[in-house]
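Taken in order, these protein sequences are the chains called A and B. Position 251, counted from 1, in the first sequence is what the numbering used here calls 241; the numbers after and before it change by one each time, with no gaps. Plus 333 on top of the position in the second sequence (first one is 1) and you've got the numbering used here.
Don't take every hint at face value.
Okay, derived cross-link-like pairs now, DSS-like style, lysine-lysine, Cα gap no bigger than 27 Å in a straight line [stated by the list, open to error]:
id, chain 1, residue 1, chain 2, residue 2
1, B, 438, A, 61
2, A, 201, A, 213
3, B, 356, A, 4
4, A, 313, A, 277
5, A, 337, B, 381
6, B, 381, A, 313
7, B, 443, A, 4
8, B, 438, A, 313
9, B, 436, A, 24
10, B, 436, A, 313
11, B, 443, A, 61
12, A, 335, B, 443
13, B, 443, A, 78
14, B, 438, A, 333
15, A, 333, A, 24
If the Cβ cut is set under 10 Å, some of the chain B residues that face chain A in the computed set are [claimed, not checked]:
id, residue
16, 440
17, 443
18, 453
Everything labelled a hint here was simulated from the structure, so no lab data went into it. Please read these numbers as outputs of a predicted model, since none were measured by experiment. For glycine and all other residues, C-beta sits at the position ideal for the given N, C-alpha and C.
Okay, here's what each chain looks like letter by letter:
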Amino acid sequence: MSVGIVSYGAYVPKYRIKIDEIARLWGDDADILKSGLMVYEKSVPDVDEDTATIAVEAARAAISRSDIDAKRIGAVYTGSESHPYAVKPTSTIVAEASGATPVLTAADFEFACKAGTAAVQACMGLVSSGMIDLGLAIGADVAQGAPGDALEYTAAAGGVAYIIGNKESELVAVIEDTFSFTTDTPDFWRREGMPYPEHGGRFTGEPGYFKHVTNAAKGLMEKMHTKPSDYDFAVFHQPNGKFPSRVASMLGFSKEQINPGLVVPRLGNTYSGSCMIGIAATLDQAKPGDRIFATAFGSGAGGDAFSIRVTDRIEELRDRAPKVEELLANPVYVDYSRYARHKGKIKVA
Amino acid sequence: MSVARFWRNQIARYNLVGTKCKKCGEHFYPPRNMCPACRRDGQIEDFKFNGHGEVLTFTIIHTAAEGFENQTPYVLGIIKLQEGPSLTCQIICEPESVYIGMKVKPVFRKLGQDGERGMIYYGNKFIPEQC
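Okay, chain A solo, but in the shape it has when bound (with noise of 0.2 Å):
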């Protein structure tokens, strides 16, 4: 039996600020953080946008490109870490507003970056057992950087979800397999009530996603007899540009494998969107029969590596909805002042 994903849906604010704008701030050499970090520019939420309001508009995006009855869907996760609640689920939010209540299972999940993914699993392993019809698992973020931090150049807003389904004639792609590697590494971490993340530098390198998004990544080539040569394209988690350039020539892939996938230097690091944004953007080009080969990661730490067959149905849905490149189309450049007002990063007594 397949399983795979029905439809698809991505959503980005339309404010950018560039790096330019954020290095002036800080006195920091643009030119050399642009050639570093491979990211020129990052999307930024409006004052009324946050974690709950993009996935919706994602999950609203998917369910409308497939036209699926929205009562089919089952399950409803949403992988964030920058959930708006402590307590109160974003995705009792999504599945009210997306018409799919109250007959289903519903909870958020956290894991830094790779939240959405591991939510794709949860779907794929309920679908499969034949408990839902379909699963909604959702990826999105306003990520968080403190002002002045290294993280504030890349940490963005975006989200996308997926509708995970097992019914062959309904999937513009089937997952082939998905395999995880996970250890607890501590690379990237928030305290409860603490409004930014902490980072241990260039320790976030090596011990974190490099070894988890290549073990999982051979891992699940190993468990499925593929090589890179096998795959028409790859996306790789997207902190910024260089380190999934970096991971895809380690594992042998091609830089005209990642092109398609590679929005980060357009859109920053979406955190929970970023890989999975990748593929949206890659299932927006890609033909039928195409083979993707995608890694997500997320600090803490761990890889969920997906191996991805793209189906006929990808020429019937792939317009009726907005796509990645559309999405990331005209934006508006706003200063540092109004990206502060947006970010909530200035209190008013």
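Please build the complex by placing chain B on the supplied structure of chain A, with the hints as guidance.
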């Protein structure tokens, strides 16, 4: 706004759900449970609006009520939905770009919150159709 007061209208606010009189075809938003024309002969049923409409009129808020200070200047307008009813709502666009007759569509946004500790209220606002 009290938690219960918002919750009672939550579905209508989240999904633009109103009502329709099956007898005369009139649509209502916010939902009415009696048709003012057909009275006791009316047949009221739930109706989900597609959300597309146009700006009937608007104003630009420079001095906002408590909780909205960080959004000024912003546009508040009356939107006429395609099916007929009108509603007052925030329009998300640059104030200089709004005009009467502008086609709009709904987006899901934060409507407000009870300070740092209270509920966050969500619902639909409108953006220009070409966004």
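Evaluated hints:
no.	hint	in the structure
1	B:438 <-> A:61	23 Å, holds
2	A:201 <-> A:213	18 Å, holds
3	B:356 <-> A:4	43 Å, violated
4	A:313 <-> A:277	15 Å, holds
5	A:337 <-> B:381	39 Å, violated
6	B:381 <-> A:313	26 Å, holds
7	B:443 <-> A:4	16 Å, holds
8	B:438 <-> A:313	18 Å, holds
9	B:436 <-> A:24	39 Å, violated
10	B:436 <-> A:313	22 Å, holds
11	B:443 <-> A:61	24 Å, holds
12	A:335 <-> B:443	17 Å, holds
13	B:443 <-> A:78	16 Å, holds
14	B:438 <-> A:333	25 Å, holds
15	A:333 <-> A:24	22 Å, holds
16	440	7 Å, holds
17	443	4 Å, holds
18	453	6 Å, holds
Hints 3, 5, 9 from the earlier list are contradicted by this structure; the remaining hints agree with it.
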